[in-house]
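Throw the hints in and build the complete structure from the sequences for me.
Residue strings, one per chain:
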Amino acid sequence: MRTVSYIQAVTEAMTEEMERDESVFIMGEDVAWNMMGDCTGLVEKFGTERVRNTPISEAGFVGAGAGAAMVGMRPIVHMLIAPFMYVAFDQIVSIISKSTYTYGGQARLPITLRAPMMYGVSNAAQHSDRPYATLMTIPGLKLIAPATPHDAKGMLKAAIRDDNPVISFEDRSLWGQSGEVPDDDLIVPLGHAAVRREGTDVTVVTVAGAITLGLAAAEQLAAEGVSVEVVDLRSIVPMDTETILDSVAKTGRLLIADPAHEMGSVASEISAVVAQHGFWNLQAPIARVTTPHTHMPFNADLEKLLLPNADKIVSEVRALME
Amino acid sequence: MITVDDDLLREMYRRMSRIRKFEDTTKELLLAGELYGAFHTSTGQEASIVGSCMALRIDDSMVGTHRSHGHPIGKGAQLDRLLAELMGKETGVNQGKGGSMHLSDFSIGSLGETSIVGSGLPVATGAALAYKMRGDDNVSLCFFGDGASNQGTFHESLNLAAIWKLPVVYVCENNGYGELTSAKDAISVEDISIRAVGYDMPGVTVDGQDVLAVFEAVSEAVDRARRGDGPSLVETKTYRFENHAVGRLPEHYRSAEEVEYWRTERDPLALFRQVLIERGFDEQQIDDLEAAVSEEIVAAIEFARQSPAPPPEAAFTHLFSPSAG
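Chains as they are written, first to last, in my numbering: chain R, 72 to 393; chain E, 430 to 754.
Rather than coming from a laboratory, the hints here were simulated on the basis of the structure.
Be aware that a few hints might be false.
Claimed, not checked - In silico contact screen, one side only, chain R against chain E (beta carbon under 10 Å); selected entries: (1) Thr-86; (2) Phe-96; (3) Ala-139; (4) Tyr-172; (5) Asp-234.
Ideal Cβ positions, reconstructed from N, Cα and C, are used throughout, including at glycine.
Have a look at this one:
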């Protein structure tokens, strides 16, 4: 099978869906200029109408995406980076998440927001957020965080074809990673976690880019005789709690690795679900490796201190095994 | 000058009367406790609504506001399902999930009403973008109030529509108050239409109590949009006869004399009745038309009352569309 990078996989997904369906188009700041490198070849192929640069006007163009979707288009709205969604928050919450419900099913909103997350690269607090947990509290949105090139392509294509709003949180620490991606029309259905490594002693659920850390930690722990099962969450809403509970039933121990802030996090939600529905399978308290409840500092060493890493996972797993 | 024949005049009056009687009825039902929720009526703004809506085709779309009971009626919606929605019934246009501030009827091009002030502007702009990209000859019309003209979404939307030359008409219904605060204290300009200059589009202010003046101005803007010449801003100076929300708040922010003046001197129905008489209609014809509307209202109330409430499981339906993806 051929090998492509995560970012190439994303470009392929958009290209194929735009070829397949004329109602698909992409808009956002500097998409036609390919500012982020993820829109390579799009404007040459589809022109500036369908690869549409927008002004720096997030509430305007995110809401315009919603309106276009309501009358039958399938916009991909590029947020450039996830925190820029805050400027459009009312459009995302009041319009995009609620219109299908509030209008009694009359409105369809086949809109995909691409929200790349850039953290750990000294951009300080305003540019470094991983805001999926904030969005998770809002019904009516599907949230995904593909963690491999395969899923980046297959889940983005599924998102674009979905008749509902999907926000794709792409972890930019993964953009450069390569992996096997089939040549055919790859669709990865939303809503399913994936077991990336089988194990028997501890379940490590990873969110977004934490997959890299989880797999590295598992490798290190294997050398110590600890068998780690790594579950890549992939889809935040809907959340595949069944796969997580099944894994915990097997291992009896759970750690969640999530790059976002700890309070009210995806890690917290998974903890609550397992405490409520998998309690009797647990042999140790649930552990979370997340970012503490403080802002991202500019200083590179301070930032590094706060973010999850493989060593933190290893040390927490060791504690669970005691 | 646009010519308006007798049939069109009659239909304009009929729709204005439907809005007025609908709103008089809903107010009564609210105060009697049969309707509930935050409740903002269109009473006093009928000419602005009908003059704008009748400049559109049925397959053109529009977006309303929190004060938009009247807008779907202006666009031609059935009264019974609107009233059922206000009662929270399963037969309501939104199956009881939207209520007073979110009426929608996609079958007549009403893409819904949004209760966060200014939030509908990008939506209407996006519908226009879709029409343009597909080469459709539809027009998108966006209603919003004076208050919304201070929101960022107003400025962002007008800018987008201008740079992309979109087929959209922005109709600002300036009723003088954003919630309780006078537009005079909240808006930097006397005429909101002047803000169009900043976005290089035509802007015009018209008497919002004169349905023919509104119809003419909006028709011109709609024609321009349909020709592919881009967006326009039309401001209708109107007045909300009722309080911001019915039965909820003190009305200490405006004088009784002011309200009385608008109700007696500037009532759009009374003014239009006069026009109809001058155009050769007789009083009896107009009274008959109103009587027919009253019957429609009685039937709508009956329909809404007889309709079932949504079942408990309805709280969980329509969270997502069944995906064809």
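query = What are the numbers of the hints the structure violates, in ascending order?
reply = 1
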